[in-house]
Structure formats: structure tokens, C-alpha cells
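Enquirer: The listed protein sequences correspond, in order, to chains R and U. Residue numbering for the first sequence follows my numbering, beginning at 1 and increasing consecutively. Residue numbering for the second sequence follows my numbering, beginning at 1001 and increasing consecutively.
Mixed in with the good hints, there may be bad ones.
Quick list of simulated restraints, FRET-style, between CB atoms [to be verified]: (1) Ile51(R) / Val1012(U): 33 to 41 angstroms; (2) Phe117(R) / Glu1068(U): 31 to 39 angstroms; (3) Gly1071(U) / Asp7(R): 21 to 29 angstroms; (4) Pro8(R) / Leu1154(U): 18 to 26 angstroms.
The hints are simulated quantities; they were obtained by calculation from the structure and are not laboratory data. The beta carbon of each residue, even a glycine, is placed where N, CA and C say it ideally should be.
The primary structure of each chain is shown beneath.
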Amino acid sequence: MSVDEFDPFIERAFDRAPPMPDTALFVADLDARLQSGARFRAVGLGIAGAIGGVVALREMLTLDMDLGGAESLPGVDAAQAAGQSVNLDVASALQAALERWGVADLAVGGLGSMQMFWIAAAAVAALALAGVVRLSQDV
Amino acid sequence: MTQPGLSDRHDVELAALAAASDRRAFGELVRRHSSTVRALLRRMGAQPSLADDIAQDAFILAYERCTEFRGEGTFAAWVKRIAARLYLKRREKEARYVSEDSAEDQVSSVDPLGRFDLDAALQTLSEAERLCVSLGHGAGMTHPEIATALNLPLGTVKSHVKRGLDKLRQILNPEAGETGRESHVG
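In isolation and in its complexed conformation, chain R is listed as follows (with noise of 0.2 angstroms):
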């Protein structure tokens, strides 16, 4: 067999495995492998978007809701009350969290919804980067 030829054979070689007898338990473990990161990454998106939607609506209640005239509509100021209400509640439930976690000095109350935006895009980001970083140092 000549080099030219030999060097084919090897990878043929290389690409006929034996059968192995534990296949089906193989592509069981795996396949629960990637169902658990499946749930983790569904549990994690979840959290993102849970947080992204009280922000989103902590946004959407400090918006002033003056329509622009003298005369308030009929249930405006109702509705202003309840959302500075639901605003100071959620605010308060976070402060409370803070102070159990002891990071009690962090006022939430006093950050802007811009603020709270920029601080979870910026731990977003940061959760990425470390992502790309683990993910390249794999490979």
C-alpha cells in the first residue's frame, strides 16, 4: 500500500468505530443534559423577563399622566394614586429584600427607573460577557 494510499485507509479507519453497547444509555444521559440546561435557560429567561416587566411597569406608573388639560379625566387621579401606590410598594418590597440580603444601604426608592434600566442591562451584559468568555475558554 503506498503513502498516497495509506493515508485514506487510516482515516476510514479512524471513521469505522466499534458499535458501542451502550448507545441508548449514551444518548439518554445526554438527552437529559440538555433538557436540564433547556429548563435553567427557560428559568433564567423567565427571571429576565419577570424583572424586565417590573421595570417596565414601574416605568410606565411614574410616567406623569397629566393628558394635557386643566381638567382631569374621570379616573386619572384614581388610577395616578394606585400606580404611585403599586410604585411605593414595589420600591418598599425591594428595600425590604435589600435589607434581609444586608445590602440595606442600595435606596432603591431613590433610583430612577432609568437608573434600575441601566443597572440590569449592565448586569445582562456582564452575565453575557462572562458567558462568550466561559464558552471561548471551552473551545
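Once you have looked at the hints, place chain U on chain R.
Expert: Only chain U this time, still in chain R's reference frame:
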């Protein structure tokens, strides 16, 4: 993970389905190629359990990056390259460098029916030769890619590949001599 009709589809079609998060299609790809990937890792010198772990990691990475597979080469070759790189990364982490240790004792690499047993033949190569031949001819990496991956000079990689192939050729055709460049067997 089986689905009627998937077994008839081409790898490229299955990869496209997998890129759209079809895990069943990907399962079919795994079923088709896992033995080859696992065998390559074992031939590179990984213990069976480690080879299986790395093969799983390689397939998971392949699933996540399925959109990058364009079908220029075969799917199996693509995953084998991923697996080979993951194995080298693992070796690097465990500070296992390529050693020039001598090969194991000569074992029979041709079975009673005269068929060439690659696994047995690879055991006769040194670790460096086995790695270089496996990466080049098993994972389809070029010599410069192997040199980079193993952090070895290109000339050294070429020597390892040549010596390894010479040994394999000699096992297949003992009368061929050391280089066997002009030899032919039936």
C-alpha cells in the same frame, strides 16, 4: 428521542432541525456519530469514562452551536474536532503534557482474519505520535492546527505524524520497511 422519519434524513437536514432546537433530530445525530466520537477520544488516550464525559460535552456544545454548522464538512468531522479540542483542553488543565514516552509492548494489530485493528495498532505508538496521528487523521486537523493545539513546533508535529504513520504502515505490512513509501500490499 426517536421520531419516525428522522433516521432517513441526511445529517445536514438533521443539523438544521437541531439548530431550530429540535432535540429529537439532534438525538438522531448523536445516535449516528457518538460511537465514532467516543472511539476517537479513546484512541487519543482518554480513559473510557473520561472519553464519554468529553464526548457528551462535545455534543452539548455542538447542539448549542448547531447554527454554525454549515455542512461544508461532515457533521461527524465537526463534532470530532470539537471533542478533540475539549480533550486537549482537559489535558492542559490537568497539566498532562505530551510526553515522548516509549510505546507499549507490541500487541497484535491484525486479527485472525487478517483485518487491521486500529485500536491495537495505536497502542504501539508513543503518546505524542498517537495524539498527532489521531488529531490529524481522526479529527481532521491540519498540522499547523495540531501544532497550535499541542503547543509544539510544526516540525515536531510533522515528525510525530510521519513516525506514527510509518509504524502503522509497518504493522499492516511488516515487509515494507521503515518508510515504506514505495511499498504496496494487496
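Enquirer: All hints, please: hold or fail.
Expert: Hints, one by one, checked against the model:
no.	hint	verdict
1	Ile51(R) / Val1012(U): 33 to 41 angstroms	holds (39 angstroms)
2	Phe117(R) / Glu1068(U): 31 to 39 angstroms	holds (32 angstroms)
3	Gly1071(U) / Asp7(R): 21 to 29 angstroms	holds (24 angstroms)
4	Pro8(R) / Leu1154(U): 18 to 26 angstroms	holds (23 angstroms)
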